[in-house]
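Peer 1: Starting from the known structure of chain A, arrange chains B, C and D with the ligands on it as the hints suggest.
Protein chains in written order, with this note's numbering: chain A, 1 to 330; chain B, 331 to 660; chain C, 661 to 998; chain D, 999 to 1336.
None of these hints come from the bench; they were simulated from the model. One or more hints might be untrue.
[Unchecked claim] Derived BS3-like pairs (lysine-lysine); straight-line CA-CA distance at most 27 Å:
1. A:K250 x D:K1186
2. D:K1291 x C:K953
3. D:K1254 x D:K1312
4. C:K848 x B:K580
5. C:K920 x D:K1186
Since this is a predicted model, take the numbers as computed values, not measurements.
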Amino acid sequence: MSNELETKTLLEMQRRMLRIRYFDERASKMLKRGLIPGALHTSIGQEAQVVGACMALGDADYMTGNHRSHGHPIGKGSPLGPLMAELVGKATGICKGKGGSLHLADFSLGSLGESGIVGGNIPIALGAGLSSKVLGNDRVVLSFFGDGAANQGSLYESMNMAGVWKLPVVFLCENNHYALSTPAHTVTSGRIVDRAAGFGIPGVRVENGQNVLAVYEAVRDAVDRARRGEGPTLIEVMTYRFREHSEGLKLGVDYRDADEKEQWLQRDPIAIMREWLIAEGWATADELDALDNEVLDEVEAAYQFADSSPYPDASVAFEDLYTEVAGAGR
Amino acid sequence: MSNELETKTLLEMQRRMLRIRYFDERASKMLKRGLIPGALHTSIGQEAQVVGACMALGDADYMTGNHRSHGHPIGKGSPLGPLMAELVGKATGICKGKGGSLHLADFSLGSLGESGIVGGNIPIALGAGLSSKVLGNDRVVLSFFGDGAANQGSLYESMNMAGVWKLPVVFLCENNHYALSTPAHTVTSGRIVDRAAGFGIPGVRVENGQNVLAVYEAVRDAVDRARRGEGPTLIEVMTYRFREHSEGLKLGVDYRDADEKEQWLQRDPIAIMREWLIAEGWATADELDALDNEVLDEVEAAYQFADSSPYPDASVAFEDLYTEVAGAGR
Amino acid sequence: MSIMTYLGAIGAAQREALTADERVVLIGEDVEANVYGTTGGTGKSRAAEGDFLQTFGRNRIRNTPISEESIVGAAAGAAMTGLRPIVDLSYSSFLYMAMDQFVNQVAKNRYMFGGQASMPVVFRSAMFYGLNTGAHHSDRPYPMFMNVPGLKIIAPASPSDAKGLLRSAIDSDDPVLSFEACPLWGMKEEVQDDEYFIPLGVGRTLREGSDVTIVAISGGVIEATAAADALAAEGVTAEVFDPRTLVPLDVDGIIKAVEKTGRLVIVDPAHRTCGAAAEVSALVAEHAFSSLKAPIVRLTAPDMQIPFSPALEKQMYPKRDGIAAAVRTMLGLAGAAA
Amino acid sequence: MSIMTYLGAIGAAQREALTADERVVLIGEDVEANVYGTTGGTGKSRAAEGDFLQTFGRNRIRNTPISEESIVGAAAGAAMTGLRPIVDLSYSSFLYMAMDQFVNQVAKNRYMFGGQASMPVVFRSAMFYGLNTGAHHSDRPYPMFMNVPGLKIIAPASPSDAKGLLRSAIDSDDPVLSFEACPLWGMKEEVQDDEYFIPLGVGRTLREGSDVTIVAISGGVIEATAAADALAAEGVTAEVFDPRTLVPLDVDGIIKAVEKTGRLVIVDPAHRTCGAAAEVSALVAEHAFSSLKAPIVRLTAPDMQIPFSPALEKQMYPKRDGIAAAVRTMLGLAGAAA
Ligand SMILES: Cc1ncc(C[n+]2csc(CCOP(=O)(O)OP(=O)(O)O)c2C)c(N)n1
Ligand SMILES: Cc1ncc(C[n+]2csc(CCOP(=O)(O)OP(=O)(O)O)c2C)c(N)n1
Ligand SMILES: [Mg+2]
Ligand SMILES: [Mg+2]
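Looking at chain A on its own, in the form it has when it is part of the complex (with noise of 0.2 Å):
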């Protein structure tokens, strides 16, 4: 398939996943030494699916994310920087500080936010995709959601009410087998993508999620489907987290099994990619060893961005709830 890419696209991919892993790597070092507080959850491991998925977007297509976030507006194309501050909690961050981890968005990118309210992203979606369709704007709203989320209610309301109205909205369930510390086996009815069929929607698997390409064609369809105003689809991504559900989490027994994870761990979809990059003649290994340490530099400049910058003002926490200053109240 890949002839209808071009090198650029398909470096970018890769280009992408590097900055998720190594951000990600490096907010996992931060955090252990005390410089980012509070939870922060890596999506080590699943970067082909975000990032597939992303790549088959516009610029000016809409995202909403969950607490498994910093991948998200990554994937889109957001720059380090103000991340990596909004982890530190400092005032340049991409919300000033006043997010954190589980709070990214980008606006300027089409990211309206990550939620750390499992399953509470979702209708956020469809309404990006109501008002596409109502103002013609041609926009595909994409919201990413974990195998738990997928048994909250809200999930299948959004599909029902996006399949009715025939919204532009391509509901993306990221199964890394695992909500926390359950399995999704011992949660799940069914499957999560056999789930659309009766919602009156496509529901697409994508077994190989560790494959970049493989995510990426399948959104793409699912988001060219959504642009010809066709409706929405069910698309299930099989992935894995390679890391604990959030840094710094210590269960006592290990919830996964050791040969599982083993397995899992061999499928690196950064690894995967790179050597399919090599092997198709996309670019050399001397090319991608220069990219990643681009990545690596830059993530490098996002550190130092986000270390040099100020904390906000105390007072900046008593603005931005309203667009006013509220009435007359004392």
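Peer 2: For chains B, C and D with the ligands alone, kept in the frame of chain A given last:
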């Protein structure tokens, strides 16, 4: 199929359908005369769907219902007097006058309560199923809800959880083609019955929901399955309400097609059953006329009971919120 | 000016806003058929010429499935991306279905994202209390939303306030909840035909008085003025103040009204504990303590659910007689105990 | 007696109740793996011998999907039919997802059905505030539940209260919400090893004093006692009262504590408007007005969402220094302005 059913059972089905019909007709008249306050939703036209389902349950089995509420407890065998008294708001009402038409409940018969909140009763049924499973008491739970309620997320959460835990719950969708003024096909993407598959549970559609035996058979199978420990079933019964959404509601234009309505009015579940009982030799016309009169008398007695009962003392409003009077408050 | 009902005024404000701005859309259950009487032509009927569906079309008048959580979330998402939705949630008791979207998305998004988005959206619902519909349909839940920073809340108590406040709400770039009182649906008065905007956060004084101040909310306002009129006939003058919007709240207006009389009765049809009346009381105990001559009295619905029976429900909300009696007791007037 | 943490005390109460009564079941997300530290063995680990799953089995320890609305409704349904569920909702911010079930089913069912059912169920959740988790995970939403008649609410502020109140909650035949404060999770003290029950509706006095009364709630209690201790060193004695349960509320206890000093400061980490502090203030303005010597002061979180950055969040909740300063100002003491 009828051979396996006793005459008694068949006539009991007809009796309960007649009870619902005459009870609701009487209640509707009482509302018009100002004897019943508030809102009132009749099950007229849907008797087969209600009674077929209830008769498939044992006395110890549980049931939850919705705003179209009178039929459900009547179908389960609840005496008419306290139900009628409840609609009027009398002290002898099944809920002491505190519930009213939308909130009937007869715990002595496993009727755990009707809910005025569309979709609100479904998780309650799930919980009764959990109770049955944990306590191992073999009870099955049936939850009635409409085509409109099938767009509430709670249904899918509950189907999923019942599926995972193999709870003895029958989800019964009364598809009367409309949610208030809204045609089901304009707000439902796909078919309701098809939604079961994605949640790993059987979905059954009773196309002839005006035939009490067809409903009975489908629900009996689901109840048997539940009692065997094989888990939940979703049943969609196709039916029609013969009256307005609620009594007294006057909408300027009928949102229902006149032809459609006329065709459905021809499919009166009580007439259908009557003809069949006579044709198959289960009862004579005279016997059925006598049954009619018996039920009319029952309804008259219920009316008299309601009418002659006192209103509750004002202090009753301040009882039953808690099991005990709340602590040290003033 | 024309004579308008409270319900008609709401319809009129919506029509004005839909006409004035293409980005305004109307979303809700049964809005096509005008079941609740605010999306029709002139009357409460779909048949009337020029109902909303006919006038504005199906692209902007969105008849929804029964999916409150997703409706509210979708309206928030739409408001963040260029629309200005009015959401008709019909009964106030259904708002709980969407509570997560209200609190976690509608109220927090703008703040969490550092002001990147604004959210111009209005959520309308009607409080069907006093109509014997039972506990599920009788709620007056505005107090719990007052505890959620990021929402604005209006509670109009007259037709002209309903029109002017709702227009301001729709024009606001922040999310606004409108709690409308069914007991007032039929109330009629002269209302300006052209556009006007009543600013949020500015109350109104309905009666001037010097003996006692009555701060009344929503359906309580009409009861408070009736009580004031009855008291006036006895020579007692009450200052009646309606804050009209609950967030922002006209604290200055309330304080001034209390300072004038030194006595405060608060009339609020919502439940008592942590209610709007509690907030008004606390504000006065903070800011007007020195002018208070008597304990503050809250007249509210008790902390009890709402019973169905007419024999039971009628006692649940503060009414004119009870208000007048409370004032008499407060003033130590003869016959107060009666 | 043993030394227990607040978190350990919660675990201990649950274990006791599960052991004492077969009908008690535990329902929640990630309860099998003991992610939140109250369903484990002795420590915060699944590995430990005898965690809940091992001890009570999968029939009674129900690890759920992420479906709060249906979890809460199911617990209600189960409680109406013979079980006595404890539901672990982890973060308090997730309760909104189930608001409809809380308000319309849990709180109303018994009343609407004329007392035909009772509903013995406990809903636990933790308020993760002050830990830089951002607006979605930092809520302290008890005030809105206080406005819902039919629920009982406990808010323990010490390990021994946590154990004794939770046991009473589980033994109650009515629905109880338990709001636990994460900032107190690590707090340690001697706790009775055997069963004991602290009645709902009875507060406790932590410090005796005659200059000012501080009514403090949940995480505010530890701050209030610290402030009182600092003030004591300056010769100012504060009566510190913790109501411990919010519904029923120990109104008599509060009134007595205020009557003793004539001055009231309320410390409440929840949002201000229509908050628990407003209710306490209003009760005092009604019942203890004549003994008040100064305006009532509420120290609460402002009506603002919670920002993530440590530079921003730390100022959002009332702390010991601010409490002491407010008392000094109230008493007109030198240096009060500092
Ligand atoms: C409404 C809600 N319930 C529970 C949680 C706590 N929680 C945070 S992440 C998580 C697991 C989510 O699993 P999944 O959706 O599969 O996403 P993943 O973490 O695997 O990417 C849970 C239970 C939450 N944040 N919101
Ligand atoms: C949560 C909620 N939303 C809206 C309503 C208002 N309402 C009452 S009945 C109804 C239609 C229900 O349709 P359906 O479920 O098909 O039941 P039917 O009336 O057709 O039997 C609506 C919208 C409600 N009671 N509860
Ligand atoms: Mg997952
Ligand atoms: Mg229907």
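Peer 1: For each hint, tell me whether it holds in the structure or not.
Peer 2: Hints versus structure:
1. A:K250 x D:K1186: 22 Å, holds
2. D:K1291 x C:K953: 13 Å, holds
3. D:K1254 x D:K1312: 33 Å, violated
4. C:K848 x B:K580: At roughly 22 Å apart (the allowed maximum being 27 Å), K580 (chain B) and K848 (chain C) satisfy the hint.
5. C:K920 x D:K1186: Not satisfied, since the Cα-Cα distance of roughly 52 Å exceeds 27 Å.
In summary, the structure is inconsistent with hints 3 and 5 from the numbered list given earlier, while agreeing with the others.
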